[in-house]
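Peer 1: Sequences are here, hints too, so could you generate the full structure?
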Amino acid sequence: MELRANNCRVYAYAGGRGFVADQPTVLFVHGSGLDHTVWILQSRYFAHHGYNVLALDLPGHGRSEGPFLPSVEDMADWVIQVMDAATVAQAAMVGHSMGALVTLEAAARYPARISSLSLLGISVPMPVTETLLSAAAAGEHTAIDMVNIWAHSAGAQIGGNPVPGMWMTGGGVRLLERSSPGALHNDLKACNDYQAGLESAARISCPVTLLLGEQDVMASPRSAAELLGAIDGARSVVLPSCGHMMMAEQPDGVLDALKGALC
Amino acid sequence: MPDPKYLRFDTLSLHAGQRPDPATGARATPIYQTTSYVFKDTDHAAALFNAERAGHVYSRISNPTNGVLEERVAALEGGVGAIATASGQAAMHLAIVTLMGAGSHIVASRSLYGGSHNLLTYTLPRFGIETTFVDPRDPEAFRRAIRPQTRLLFGETLGNPGLEVLDIPAVSHVAHDAGLPLLVDSTFTTPYLCKPFDLGADLIFHSATQFLGGHGVAIGGVLVDGGRFDWEASGKFPTLTEPYAGFHEMNFCEEYGPAAFIMRARKEGLRDFGACMSPSTAFHLLQGVETLPLRMEKHIANTRRLVAFLAESAAVESVSYPELAQHPDHERAKILLPKGCGAVFSFCLKGGREAGRRFIEGLRVFSHLANVGDAKSLVIHPASTTHHRMDAEALQAAGIDEGTVRLSVGLEDADDLIEDLGRALYLSQKG
Chain A
895 MELRANNCRV YAYAGGRGFV ADQPTVLFVH GSGLDHTVWI LQSRYFAHHG
945 YNVLALDLPG HGRSEGPFLP SVEDMADWVI QVMDAATVAQ AAMVGHSMGA
995 LVTLEAAARY PARISSLSLL GISVPMPVTE TLLSAAAAGE HTAIDMVNIW
1045 AHSAGAQIGG NPVPGMWMTG GGVRLLERSS PGALHNDLKA CNDYQAGLES
1095 AARISCPVTL LLGEQDVMAS PRSAAELLGA IDGARSVVLP SCGHMMMAEQ
1145 PDGVLDALKG ALC
Chain Y
2 MPDPKYLRFD TLSLHAGQRP DPATGARATP IYQTTSYVFK DTDHAAALFN
52 AERAGHVYSR ISNPTNGVLE ERVAALEGGV GAIATASGQA AMHLAIVTLM
102 GAGSHIVASR SLYGGSHNLL TYTLPRFGIE TTFVDPRDPE AFRRAIRPQT
152 RLLFGETLGN PGLEVLDIPA VSHVAHDAGL PLLVDSTFTT PYLCKPFDLG
202 ADLIFHSATQ FLGGHGVAIG GVLVDGGRFD WEASGKFPTL TEPYAGFHEM
252 NFCEEYGPAA FIMRARKEGL RDFGACMSPS TAFHLLQGVE TLPLRMEKHI
302 ANTRRLVAFL AESAAVESVS YPELAQHPDH ERAKILLPKG CGAVFSFCLK
352 GGREAGRRFI EGLRVFSHLA NVGDAKSLVI HPASTTHHRM DAEALQAAGI
402 DEGTVRLSVG LEDADDLIED LGRALYLSQK G
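Protein chains in written order, with this note's numbering: chain A, 895 to 1157; chain Y, 2 to 432.
Incorrect hints may appear among the rest.
Unchecked claim - In silico EDC-like pairs for lysine to aspartate or glutamate, Cα to Cα no more than 20 Å straight-line: (1) 431(Y) x 313(Y); (2) 41(Y) x 1150(A); (3) 6(Y) x 1034(A); (4) 6(Y) x 1150(A); (5) 6(Y) x 1071(A).
Claimed, not checked - Residues from chain A that keep clear of chain Y, each with C-beta distances beyond 10 Å, as calculated: (6) 897; (7) 942; (8) 954; (9) 1049; (10) 1055; (11) 1123.
Please keep in mind that the hints were generated in silico from the structure rather than gathered at the bench. Predicted model only: the values in this text are computed from it and were never measured. Glycine included, each C-beta is placed from N, C-alpha and C at the ideal position.
Peer 2: Okay, here's the thing in structure tokens:
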């Protein structure tokens, strides 16, 4: 599905189905340097189980036109603009990593627009090492490698992809290689700069689920504890032996957790 | 955070794609000898069929044992995914039919395995796919042969029988200039000697029957997707960029991004053409891949010893191996194949066809058969076997002399192999 926001073309994967009036909508926001394809299994499932789906490509990512949005706050505002463009009054929001920060901030700013919030692979704050930021700013491939390696659990780096025949870290590195020049640095910097997370979390009133990977070294369950405590009524689900790229590592675990979280 | 490092080649050869079996704890990859898989419930079944959940439905499409082999080869090649097929020929066919249909055109190296040559020359034209063959040493010849209907460039890392070293960087550049992918048959080199994706290739296939398996007990192939080619920017591949009525109106590029090709190949090509691998074959091939680095190192060491021995023999006219200074691709081989140029090579005996026959009869350790890439050393004399109906002139046109002998060097003690060759060379010249 193509929409327009900020005078730019926006791409939203609809899960292989068209929009159906009166169905609830679930909106997915990807992480740094990625695009809608990270949600492929989960978004197809919900699109065929009674939901309208908007799996967004953030500006300058995937099939959406640029320019990049420099901050999590800007991205949160943009997501609501996209909902306006799609004439979606309210959506269940699902965000991963940077996308989780974006949906968190959107839920704080626009509480009437969000029916539930699922935050995958999140920590607040989400600091990024200077080594990684520098490599990403220089466009060095080592930045992609660092993200790709840290994003997968030790087990996932050996393999055993639930999708038959697919080499998970190979797919991860190619997806990051496809991102527009500068996208990864823009996003990592936005994560690093975002400081309002705990304050925003305290303003959230919708049901919230944190979905965390037991072996996530980029956003560990321990680092999410303060966030969990800051959101009234929030619950957490920890996927055992799972890393940061949980939608790829444990797609069924993520789907089953989301099925219990959306409302 | 831990120091970021990918697992290395030798480790991937042993482990990639397999963790201890969750049901039994089995350390080795189990053979999942089953045609089909029980659904948890009707919703699970529907979700699997509609690509909403990951998993297996039917072993023609995917199988857990095959999946380990596929992941492992994809990991070793640096691709996004792979498909195990019934043979190397099936892998090549799967690549072609995933990309094109009637009215399409391929530009291929003219130095190919005979089975590939047959497919392109005789069989695919019946289905409307034409091929132009060009000199693999001339990247510009690939460029000149490209037509508006061209959908693929194709060559072997090491040509057959001349061991032409394909200039993958240059030919891939030609391909990409024209918005086309480069498919490489990497059977002779394996990812241990050459990583075609790192050099610019887009798709790779192996006859896994040869060096990947290495034991000569199983026929199989593997097709690997590098995940870098931009099918949408090319605009020449509607199978990947337009909705497919045969699978939920799916646009594979939209759904799978860098994995569009390999997903279409599985969801259409394996489903419809059905050239799948048996899980027991996948198991056998995995046993070979586990020792690939060790075997290739020994293959190369033995080959170098034998090449040096034959080059000094008075019974030998010439030896063709890219590591020799007189080979036309010697300089390119030093750059593209620094770890070795494979373990298959040819030499020309003095004395022609009859000397060749006596040489073969004189061997004791080498096995006389039509295969390569076995742990055991193999030999064939084309003029008295595969090409025996050809006269001298026809042989020459095929790049073969009456005295040409092809060796596939195995893992035996090199001294035994040299003694075997020495005895047979002596007998070949006794006339």
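Peer 1: Please go over all the hints and tell whether each is borne out by the structure.
Peer 2: Structure-based check of all given hints:
1. 431(Y) x 313(Y): Distance of about 18 Å is within 20 Å: holds.
2. 41(Y) x 1150(A): Holds - the C-alpha atoms of residue 1150(A) and residue 41(Y) are around 14 Å apart, at most 20 Å.
3. 6(Y) x 1034(A): holds (15 Å)
4. 6(Y) x 1150(A): Roughly 32 Å separates the two Cα atoms, so the pair is violated.
5. 6(Y) x 1071(A): holds (18 Å)
6. 897: Given a closest Cβ separation of 15 Å, the condition holds.
7. 942: About 6 Å separates residue 942(A) from the closest Cβ of chain Y, which leaves it inside 10 Å; violated.
8. 954: Fine: 16 Å to the nearest Cβ keeps residue 954(A) off the interface.
9. 1049: The claim is violated: residue 1049(A) sits with its nearest Cβ about 6 Å from chain Y, within 10 Å.
10. 1055: About 6 Å separates residue 1055(A) from the closest Cβ of chain Y, which leaves it inside 10 Å; violated.
11. 1123: holds (24 Å)
In this structure, the earlier hints numbered 4, 7, 9 and 10 are contradicted, and the remaining ones agree with it.
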